[in-house]
Amino acid sequence: MTRDPRSLGAAQVALIAAALAFIGLFLVLPLIAVFTQALAKGFGPYFAALAAPDALSAIRLTLLVAAISVPLNIVFGIAAAWAIAKFDFPGKSLLVTFIDLPFSVSPVVAGLIYVLLFGAQGWLGPWLMDHGIRIIFAVPGIVLATIFVTFPFVARELIPLMSEQGRDDEEASLSLGASGFQTFIRVTLPNIRWGLLYGVLLCNARAMGEFGAVSVVSGHLRGITNTMPLHVEILYNEYNFVAAFAVASLLALLALVTLVLKSIVEWRFDYQCRSAGH
Amino acid sequence: MEIALSSPLQMPAARFRAANPPAGRERRGRRPAIPGFGLTMGFTLVWLSLVVLIPLSAVFIRAAGMGWHDFVAVGFAPRALAAYKVSFGTAFAASLVNGVFGLLAAWVLVRYPFPGKRIVNALVDLPFALPTAVAGIALTAIYAPNGWIGQFLAPLGIAAAYTPLGISIALVFIGLPFVVRSVEPVLEDLSVELEEAALSLGARPWQVFLRVILPAILPALLTGFALAFARGVGEYGSVIFIAGNMPFKSEIAPLLIVTRLEQYDYAGATAIATVMLVASFAMLLAINLVQALSRRRVNG
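Just so you know, the protein sequences line up as chains A and B, in that order. Mind the numbering: the first sequence is residues 1 to 278 in my numbering, read in order. Mind the numbering: the second sequence is residues 1 to 300 in my numbering, read in order.
Wrong hints could be hidden among the right ones.
[Unchecked claim] From the structure, some residues in chain B lie toward chain A, with a derived Cβ separation under 10 angstroms:
1. L39
2. A106
3. A122
4. A129
5. R231
6. G234
7. E235
[What the hints assert, rightly or not] Computed spacing ranges between beta-carbons, pair by pair:
8. B:I158 with A:G44: 34 to 40 angstroms
9. B:R79 with A:L50: 37 to 43 angstroms
10. B:L50 with A:D88: 22 to 28 angstroms
11. B:V46 with A:P90: 16 to 22 angstroms
In case anyone wonders, no lab produced these hints; they're calculated from the structure. Cβ coordinates follow ideal geometry from the N, Cα and C atoms, glycine included.
Can you make the complete structure from the sequences, with help from the hints?
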């Protein structure tokens, strides 16, 4: 049995080949398919599809939804992690389980719950209608559904990280006369920056790419309540494959950028851990 | 109180430490001098209730208002039962595939050096980053009868797209990182010396795998399996394009909820959603139990 990493045996090479074949088949091939299909008729139709007014308004809406839901999740994630990680109180595990709930709820059910609350037949539906407020089949519903499905991302990243870091740094800072706010900005935030960024990256990817939950509350009004993933579906169902894959390719690019940034953050965090002597 | 929360969505180094908590760190009973508990806790509880807990309870209150008889008649109607069967069956099959190949991928990534490893490692998280609708139309294009792979399957009489097989293929894509990222930190912590000792004592490689490696990673593997399964059962975006969506054959439960909603059948949608919510909460409980049991075993 040799342990020299450069001389792998036949069995090991076979295992690597099998794993790579599986990853190639299930992960790489779909990615290639998106770009090939998008460019199937050349760059002209590709860019024409992206410049279509409906596509542009879908892009704008997706950016708007992410721009509202991600910062809200950052605020919630930091607040929840601060309360849970820095203090001891009964029921902590239960609270964490509740924060985790949206991960185990089907996106469709996530959309449904807001329809039951705010829809025309929902509890608050008649009242909202009387006051001229639209939530379902409008942008507020899309934002709500997106916040629900991305709810745990930032908190889930920060809670274990801040629990592990403990409160020694903060206590030292406070005993030296810093205020609570200064301590948070100067001590806690630098400590959690990589974890926070990692959570934000995943949260943003999901916020821009959410389909099921948004589909239920959006009403699919072209140019008004259509996000990019919903626009992909509409184009696809109209057999407008080049345009569907063109818009999809933008989302695939977003995914690739997310993966690259994520790898950089992972690498920086490893470096920070090692240089801190953990 | 120790809350070691390993999650596939955590950064690798953080995930590793959450899965392998440092043994017995003493914390003295000092009063925390840190401010902000009331503010952050209050905000957390209010926001959590407004966004998650109250809306979720709306489903259960609506379902309770239906009465047991009506609830069963709608929630367990033949078409609903068929949809549960498709959703749970295809998710189970996909999680089994991911259990095997996810473990293989994790093993290869942890143990063997090969060119391009960092890229492969980053790609494993693609399903977390790629919107489900994009994955759905891409997989459909590949497995359709005239697609890159579908054209080779069609002569063999295998229809992948628009059948339950296609649903499973989409769910394999969605679930893979859950298994890989759950197993990885435990594999990293596994001592190579133990395997070498077993080998030098005459054990065969498959014996080492079954007797030494598998018992150590089983809780993590089960967690990954359960997470992939839970995600697969509720998955919608990647599935509906490839599924064909034939009632009783390839119609998943989330799609049936959408169909009921489009018919303004709120009661039907609510009943099916309630059954699915109860199922996912049961799975969440099972995952937490597996993690708690494995932690107790690790900590002695």
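Okay, the hints, checked on the actual structure:
Because the closest C-beta pair between B:L39 and chain A is about 8 angstroms apart, less than 10 angstroms, the hint holds. At its closest, the beta carbon of B:A106 sits 9 angstroms from a beta carbon of chain A; the interface hint therefore holds under the 10 angstroms criterion. At its closest, the beta carbon of B:A122 sits 5 angstroms from a beta carbon of chain A; the interface hint therefore holds under the 10 angstroms criterion. A cut of 10 angstroms between beta carbons decides the hint on B:A129: the least distance to chain A is about 4 angstroms, and the hint holds.
Checking B:R231 against chain A by beta carbon gives a least distance of about 8 angstroms; that is within 10 angstroms, so the hint holds. A least Cβ separation of about 3 angstroms between B:G234 and chain A falls short of the 10 angstroms threshold, and the interface hint therefore holds. Annotation: B:E235 was flagged as interfacial toward chain A, and the flag holds, the nearest CB pair being 7 angstroms apart, inside 10 angstroms. Distance hint check for B:I158 and A:G44: the Cβ-Cβ separation is about 37 angstroms, which falls inside the suggested range of 34 to 40 angstroms.
For B:R79 paired with A:L50, a C-beta distance near 40 angstroms keeps the hint of 37 to 43 angstroms intact. Separation of B:L50 from A:D88 is about 26 angstroms and conforms to the stated range, judged on CB atoms against 22 to 28 angstroms. Checking the proposed 16 to 22 angstroms range against B:V46 and A:P90 shows it holds: the Cβ atoms sit about 19 angstroms from each other.
In terms of the numbered hints stated before, the structure departs from none.
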